[in-house]
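Student: Top line first, the protein sequences correspond to chains W and H. The first sequence begins at 1 in my numbering and counts up by one. The second sequence begins at 1 in my numbering and counts up by one.
Treat the hints as calculated values from the structure; they're not laboratory data. Careful, some of the hints might be misleading.
What the hints assert, rightly or not - List time: in silico DSBU-like cross-link candidates among lysine-lysine, alpha-carbon distance up to 35 Å: (1) W:Lys259 x H:Lys61; (2) W:Lys254 x W:Lys178; (3) H:Lys24 x W:Lys359; (4) W:Lys185 x W:Lys129; (5) W:Lys300 x H:Lys24; (6) W:Lys141 x W:Lys81; (7) H:Lys78 x W:Lys359.
Unchecked claim - Some chain H residues well away from chain W (every beta-carbon gap over 12 Å; in silico): (8) Met1; (9) His14; (10) Asp34; (11) Thr65; (12) Arg71; (13) Ser77; (14) Arg106; (15) Leu110; (16) Gln112; (17) His121.
Glycine included, every Cβ here is placed at the ideal spot set by N, Cα and C.
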Amino acid sequence: MSPPNETQKNQDRFNRLVDATGALVVGVDTLGCITLFNKRCQEVTGYSTEEVLGKNIVELFIPVDERPNLIDRFQNLVQGKLPAYSPEVHWITKSGEQRLVRWNNTFITDEAGEVVEIFGIGIDITDWKETQHALEESEAKYRSLFDSVPVGLYRTTPEGQIHDVNPALVEMLGFESKAELLKHKASEFYVHAEARKQFEAHIKEEEVVRGFEAQFQRRDGEIIWIELNTRAIRDANGDIYCYEGSLEDITKRKEAEIKLLAAHQRSEFLVDLMAHDLNNINQGIMMTLELIESDEQLPKHLREGLEASLNQVERSAELIANVKRFQSLETEPRRLSTRDLSPSFHAAVRAVERAFPNKQIFLSTNIQDQTYWVYSDGFLTELFFNILHNAAKMDRNPMVKIEVQASKNTTNDFVKVEVQDQGPGVPDSEKNRIFNRYLNGAEGVRGSGIGLTLVQRILQRYGGQIWVEDRVAGDHTQGANFVVLLPRGERE
Amino acid sequence: MISIFIVDDDENLHRVYRSFFSMKGFNVVGSAFDGDEAVKLFGALNPRPDVLLMDYRMPIKDGVTATKEIRVIDPASKIIFLSADETAREQALEAGAISFLIKPVRFAHLLQTINQVLDNH
């Protein structure tokens with residue numbers, strides 16, 4: 001084999017160079033027939049060089065709808081007129097997929113200056129174009145959302161210069177246009193400069209501020225309450241270059257909260273005043289009745305009347321106490337923990353015994369220390385006090401028998417406590433109503449107390465339940481069976 | 001005869017307490033309508049009363065403050081709180097009260113408490 005001559009060497013060098021490039025390189029003659037088809041072209045189209053050499057480039061690769069334009073441009077190239085732009089042309093691959101290629105063209109001429117071959121150097125920009133398209137779509141969606149949400153959105157520099165706002169914020173702050181608002185700094189809207197300082201300190205430290213409430217002054221001078229949610233945005237170098245977030249007008253909510261708080265404070269004051277002053281009055285009435293009762297000459301019927309009145313005073317005091325408990329149930333935060341049922345239950349038993357000095361209460365129970373653990377709080381004693389107090393109150397006998405049985409329920413997470421009395425019982429028509437005096441009012445429910453309603457509210461707080469059954473099924477006159485389900489504590 | 005000192009801002013209760021305690025053989029040695037008056041009158045009493053009945057909410061000086069000051073004058077003083085305000089219980093006991101009763105309370109219960117206080121302290 002003779003050594004390659006210089007022309008062959010140059011041809012080899014050219015071929016290697018053409019194959020090594022990451023670009024598509026294709027050569028065609030003046031009729032459009034392929035003369036060169038590099039490695040990258042093969043990778044992109046799926047065709048081998050042998051399959052395409054001599055074939056017409058337009059017929060092989062170009063989609064029909066793009067052909068007329070391309071043929072015109074090709075004719076220009078053949079005439080030696082290079083276009084000033086880089087055409088983007090689709091190629092159909094062997095598998096039928098369309099790839100978008102951006103081309104730069106050049107041509108080779110003969111000694112007479114006539115174009116004999118045209119070379120195209122192309123970059124497959126299909127993926128880039130798709131990414132760009134997705135980005136544009138995303139940007140358009142973001143902008144559409146930004147402009148249409150009813151919440152104010154903004155972007156500021158860390159120094160508070162406003163960069164961008166949406167129409168909702170323009171309207172919220174009382175401006176005619178976005179351009180007008182962008183002339184202001186964020187700090188100018190704060191009614192209290194201290195609030196802005198707090199916000200700045202927080203965002204610098206945490207980079208996120210959620211639910212920050214402040215008062216803003218609108219352009220027309222009106223003061224509004226706003227809630228800010230903001231986060232710091234970092235650039236590629238990790239430096240904070242802007243804050244972006246939302247701003248909501250919460251004036252109505254704040255006004256409602258302030259009214260609610262005032263109403264709540266007023267109600268607390270009135271309940272407190274009522275409880276204190278009524279019980280002072282009760283004390284005077286009770287002791288005066290007792291003084292009269294101490295007269296040994298008092299006829300029996302008057303003595304009985306006095307005792308009934310004394311009981312009424314005690315009921316009044318108990319009602320006042322329950323109204324206060326109701327209020328503290330509403331205001332005290334719910335902090336539940338695992339507690340031993342026994343101390344609270346037995347404290348309730350002792351309190352009920354004290355409440356009925358003229359009755360003998362015989363209570364039997366299986367509740368012992370460290371046997372039943374329930375998820376509850378300090379209202380547990382109130383809960384049992386009211387159930388037991390109700391049982392003792394409703395039973396007209398001087399000797400009141402109550403049986404209380406607790407059991408662990410293995411099928412779910414509750415401790416079941418059944419309180420059975422031998423009082424007049426609860427008719428079926430009242431069974432669902434006696435716990436809902438708060439909602440149903442007093443109509444149709446015997447007595448004036450709210451003890452059982454309080455019990456239900458406490459159980460709602462715990463996630464428990466209460467209902468009443470007949471102690472002897474089908475005969476409510478034999479007494480009631482109050483069934484309480486308390487969530488079991490973790491030690492169970 | 002057991003001597004007793006009554007502190008309450010309710011004039012009506014003063015009359016009822018006095019009638020009852022007189023009937024039961026107690027000697028009501030003094031009474032005050034606010035905490036400030038109570039401290040002043042108590043300081044001037046000689047001998048000291050066996051028991052003080054103390055209200056909590058009163059004008060000028062409340063029962064807890066008065067209790068603290070009376071306990072400074074006489075650390076052995078026996079003070080029973082009788083209040084319609086249950087929230088004062090802890091403060092009252094910390095200030096030196098021996099017992100805390102919630103109004104309304106029956107005389108029988110009050111007498112029992114007074115006797116317990118005198119027997120145990």
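Student: Taking the hints in turn, state whether each one holds.
Tutor: Do the hints match the structure? See the list:
{"no.": "1", "hint": "W:Lys259 x H:Lys61", "result": "holds (33 Å)"}
{"no.": "2", "hint": "W:Lys254 x W:Lys178", "result": "holds (27 Å)"}
{"no.": "3", "hint": "H:Lys24 x W:Lys359", "result": "holds (25 Å)"}
{"no.": "4", "hint": "W:Lys185 x W:Lys129", "result": "violated (39 Å)"}
{"no.": "5", "hint": "W:Lys300 x H:Lys24", "result": "holds (22 Å)"}
{"no.": "6", "hint": "W:Lys141 x W:Lys81", "result": "violated (43 Å)"}
{"no.": "7", "hint": "H:Lys78 x W:Lys359", "result": "holds (31 Å)"}
{"no.": "8", "hint": "Met1", "result": "holds (19 Å)"}
{"no.": "9", "hint": "His14", "result": "violated (10 Å)"}
{"no.": "10", "hint": "Asp34", "result": "holds (15 Å)"}
{"no.": "11", "hint": "Thr65", "result": "holds (18 Å)"}
{"no.": "12", "hint": "Arg71", "result": "holds (24 Å)"}
{"no.": "13", "hint": "Ser77", "result": "holds (23 Å)"}
{"no.": "14", "hint": "Arg106", "result": "violated (6 Å)"}
{"no.": "15", "hint": "Leu110", "result": "violated (9 Å)"}
{"no.": "16", "hint": "Gln112", "result": "violated (10 Å)"}
{"no.": "17", "hint": "His121", "result": "holds (21 Å)"}
When the structure is compared with the earlier hints, violations turn up for hints 4, 6, 9, 14, 15, 16 and for no others.
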